[in-house]
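Numbering (the UniProt record's numbering), first residue to last: 1 to 218.
Possibly wrong hints are sitting among the right ones.
As the list claims (entries may be wrong) - Computed list of lysine-lysine pairs in DSS-like fashion (alpha-carbon distance at most 27 Å, straight line):
{"hint": "1", "residue 1": "Lys80", "residue 2": "Lys144"}
{"hint": "2", "residue 1": "Lys218", "residue 2": "Lys144"}
{"hint": "3", "residue 1": "Lys144", "residue 2": "Lys163"}
{"hint": "4", "residue 1": "Lys51", "residue 2": "Lys80"}
{"hint": "5", "residue 1": "Lys80", "residue 2": "Lys218"}
Keep in mind the hints are simulated off the structure, nothing from the lab. From a predicted model like this one, the values you see are computed outputs, not experimental measurements.
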Amino acid sequence: MARAQAPAFSIAIANLKGGCGKTTISTNLSAGLARRGSVGLVDADPQGALKHWVDWGSREADDAVPTLYAEHADPVENLKVAQPHHEYVVVDCPPSLDMAITRQLMAACDFVLVPVLPSPLDLWASAQTIDVIRSAREERPSLKAALVLNQTEPRSAMSRAMKTAIERLGVPVLSTSVRRRAVYRNAVVEGVSVFQLGGRGQSAANEINQIIQEVIPK
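Produce the entire structure from the sequences given, and follow the hints as far as they go.
Here's what the structure looks like:
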């Protein structure tokens, strides 16, 4: 395994509210980053969806495959093991039951990406996650964070209630949103990322690449 020149740029994908598409974004973001450099994966969600995706996924010989770190029961330890060996590390954070672990993971990362569904209720429910980010910044003041709207509909305007909810959270929103596309579900079923689905995954792959451009330092 090649050692990177510097510790990995580490991204925590986190939302203490379930059902926001956290793991779908984790898998595809890691696949997109793997086309730019070496990627480590840390599955801190007890459901283990990220690990299952890696274990039973279909891979072609030329696919850039992220490396999963799961040898320790403590996901924070797995993150520390992964960071010296890669350019990027993606962490799929646990749900609200493991808030203390989520805070530790955030404090060990450079960026927290918070997937939220495009409704005021879901945005308000993300407030607890934002509180954990603020707590993690006490230990790591340089920690950056942003919301990414997930499962948006084409040509759907953001309502005034949503804009108000976002302003109250006090965290920026990526200009790129993740559309509601069947291809994301199809990729999970096939054990691949949208980058491996050719033309039918191209629009989704473009979205993920745009997210990467917004998150990764220039």
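Indices of hints not satisfied (ascending) = none
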